[in-house]
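A.B. asks: Residues per chain are reported as follows:
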Amino acid sequence: MSQTPRPDQNDSLSSRLGFPETTLEIGPTHPAIRRVMTPVGGTTSFIVALDDDRITNLEVDIGLGHRGFEKQAESGSWDDALPYVSRLGWVSGLHAEIAYCLAAESLAEIGLPDRAIWTRMLVGELARVSDHYSRLGAAMAAIGLRDAENVANAGEDLASEALVAATGGGHLAGFSCFGGIRRALPEHFLEGWSKQRSLIDDELTRFGSVATSNPTCTRRLSGVAPLVPEDALAWSVTGIALRASGISADVRKDRPYLAYGALEFDVPVGEQGDNLDRMLVVIEEIRQSLGMIDQCHKILSSLGSGEVCVSGEIIIPEGEAVATVESSTGELAFFVVSDGVGLPRRIRCRAPSFFHAQVLPTVMVGARLDDLLPTVALMHLVSAECDR
Amino acid sequence: MSALDLEALRATHADLDVHVSASPTSDPDSPEARMRVPGDHARTLLERLRGEADAPSVRLLDLTVVDRLDASPAGFEVIYRLGSRVGEFAYRVHGFIQDSADDNPSIGSVSALWPSALWLEREAFDLFGIGFRGHPELRPLLLGADLGADADLNGAPLRKSAGQDQLSSGAGP
Chain A
1 MSQTPRPDQN
11 DSLSSRLGFP
21 ETTLEIGPTH
31 PAIRRVMTPV
41 GGTTSFIVAL
51 DDDRITNLEV
61 DIGLGHRGFE
71 KQAESGSWDD
81 ALPYVSRLGW
91 VSGLHAEIAY
101 CLAAESLAEI
111 GLPDRAIWTR
121 MLVGELARVS
131 DHYSRLGAAM
141 AAIGLRDAEN
151 VANAGEDLAS
161 EALVAATGGG
171 HLAGFSCFGG
181 IRRALPEHFL
191 EGWSKQRSLI
201 DDELTRFGSV
211 ATSNPTCTRR
221 LSGVAPLVPE
231 DALAWSVTGI
241 ALRASGISAD
251 VRKDRPYLAY
261 GALEFDVPVG
271 EQGDNLDRML
281 VVIEEIRQSL
291 GMIDQCHKIL
301 SSLGSGEVCV
311 SGEIIIPEGE
321 AVATVESSTG
331 ELAFFVVSDG
341 VGLPRRIRCR
351 APSFFHAQVL
361 PTVMVGARLD
371 DLLPTVALMH
381 LVSAECDR
Chain B
389 MSALDLEALR
399 ATHADLDVHV
409 SASPTSDPDS
419 PEARMRVPGD
429 HARTLLERLR
439 GEADAPSVRL
449 LDLTVVDRLD
459 ASPAGFEVIY
469 RLGSRVGEFA
479 YRVHGFIQDS
489 ADDNPSIGSV
499 SALWPSALWL
509 EREAFDLFGI
519 GFRGHPELRP
529 LLLGADLGAD
539 ADLNGAPLRK
549 SAGQDQLSSG
559 AGP
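Quick note, the sequences are listed as chains A and B, same order.
For the first sequence, the working numbering assigns the number 1 to the initial residue and increments by one for each residue that follows.
For the second sequence, the working numbering assigns the number 389 to the initial residue and increments by one for each residue that follows.
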């Protein structure tokens with residue numbers, strides 16, 4: 001019996017079996033089924049070329065969820081666009097609302113009442129806590145850690161409850177308006193915050209014990225999909241992914257809007273820029289946001305009741321303005337151009353997820369297929385926001 | 389305005405016919421220079437602003453287009469928003485493409501300077517019908533073939549001439 005030659009150790013199993021490369025299309029899925037089946041991805045689809053389970057090429061196909069966001073926003077009056085803006089993405093609507101209002105207010109040169117400034121920051125941070133928990137939950141689901149996913153989802157639910165109590169409408173609150181906010185925070189939110197806060201904080205401690213200190217979790221995330229700082233800057237990556245790569249860039253610290261300059265908080269940064277660093281940055285940011293909410297809560301309690309929105313008609317004059325906020329996904333900006341005629345000439349939204357989708361092939365080629373979805377979750381790729 | 393000297397910017401780029409001003413709504417702590425430049429010189433200006441090839445000092449934050457076909461002079465503004473690493477200063481470069489009779493507006497691609505421009509330029513091509521000369525793969529990014537080929541939208545739905553009524557009554561969210 002002749003002995004078959006030993007296969008070259010460098011050859012992959014698939015090439016030895018005679019099918020050298022497989023192409024797989026992952027997604028798109030309906031965003032609403034995320035809790036049932038797939039935690040991430042949504043309307044984005046990933047066309048993956050594989051050699052064994054190694055990704056040799058990745059094409060990110062976006063646009064299925066494109067709904068003419070900017071065109072729609074430009075086809076009505078300035079404030080007609082507001083409800084639409086808050087639907088930019090299901091997680092960053094409140095931040096988009098704040099950015100759009102800041103851009104219009106800067107054109108109209110409106111000063112905001114103090115209560116509106118501190119309330120906007122408070123609900124913005126609350127939305128961040130909720131969204132960050134949802135990212136953790138999605139990442140844990142993607143690596144199959146159900147207990148950690150449940151803890152993160154519990155944290156998200158608690159933060160969303162607080163958000164609903166504060167705004168009356170959660171992420172799609174229609175909370176900000178030109179010149180301030182629609183209503184002051186209700187008493188029951190302000191009174192119940194410290195209790196709710198400790199519950200949210202407890203979930204963070206619990207998450208530490210089931211995820212951060214769990215070797216199964218850290219092994220799956222460590223060293224996966226690293227993004228070097230040079231690439232992060234070249235590909236205009238912002239937010240968690242940029243900070244995890246070691247660059248301390250946060251709009252709230254670098255170009256403070258609202259009253260972020262008066263808040264005390266740290267900007268956590270990573271070292272390796274891998275998925276583990278991204279997760280650790282997310283966890284620390286939840287902690288920092290809770291601290292910020294406490295500070296806003298204290299100031300708001302001392303301000304008492306009073307005006308939350310400037311009164312009178314707001315006219316948007318001719319001009320251009322940019323307003324950038326640090327949303328839970330990254331740098332979210334509105335660039336607006338007005339002719340002073342009532343209808344906007346241009347409303348441009350810089351959606352951070354767009355850039356995170358674009359950089360994915362850079363970090364994923366060479367990685368394993370089952371690391372794709374955890375990376376999508378931890379890079380903060382939100383399809384609705386990306387496609388606009 | 390320590391990080392940004394408008395006079396120096398004017399002097400350095402005088403050969404490119406650049407008009408430099410301070411953005412009226414920019415924050416004094418992170419000043420922004422607004423630079424208006426003819427479309428043909430935009431890429432050269434951006435290459436200079438980007439800094440050293442191996443250690444770029446500014447990043448491309450966003451790229452978009454404003455339709456000014458109904459204004460005088462008529463044309464498109466291609467707007468590049470650049471920022472320093474952590475936002476001490478910013479540039480906003482407005483490259484102006486004069487409306488041409490052949491309705492084939494184009495500007496030099498900056499995708500070789502910043503890879504993030506690859507998709508941004510494809511999006512502008514898709515939604516405004518602006519060509520980017522030198523882009524390695526200029527094809528639609530967001531629109532499906534059916535909408536992109538719609539005659540009423542002229543393949544450029546974000547232009548002001550593309551049917552506003554049609555969009556607000558038909559393809560809603």
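Warning: the hint list may mix true and false statements.
As the list claims (entries may be wrong) - Result set (EDC-like, lysine to aspartate or glutamate): computed pairs, CA atoms no more than 16 Å apart in a straight line:
hint	chain 1	residue 1	chain 2	residue 2
1	A	K298	A	E187
2	A	K253	A	D266
3	A	K253	B	D491
4	A	K195	A	E161
5	B	K548	A	E271
6	B	K548	B	D491
Hints are computed from structural coordinates only; laboratory data are not their basis.
A.B. asks: Are the hints correct? Go through all of them and say.
C.D. replies: Now for the hints, and whether the structure bears them out:
| no. | hint | verdict |
| --- | --- | --- |
| 1 | K298/A to E187/A | holds (13 Å) |
| 2 | K253/A to D266/A | holds (9 Å) |
| 3 | K253/A to D491/B | violated (45 Å) |
| 4 | K195/A to E161/A | holds (12 Å) |
| 5 | K548/B to E271/A | violated (46 Å) |
| 6 | K548/B to D491/B | holds (15 Å) |
The structure is inconsistent with the numbered hints 3, 5, although it conforms to all the rest.
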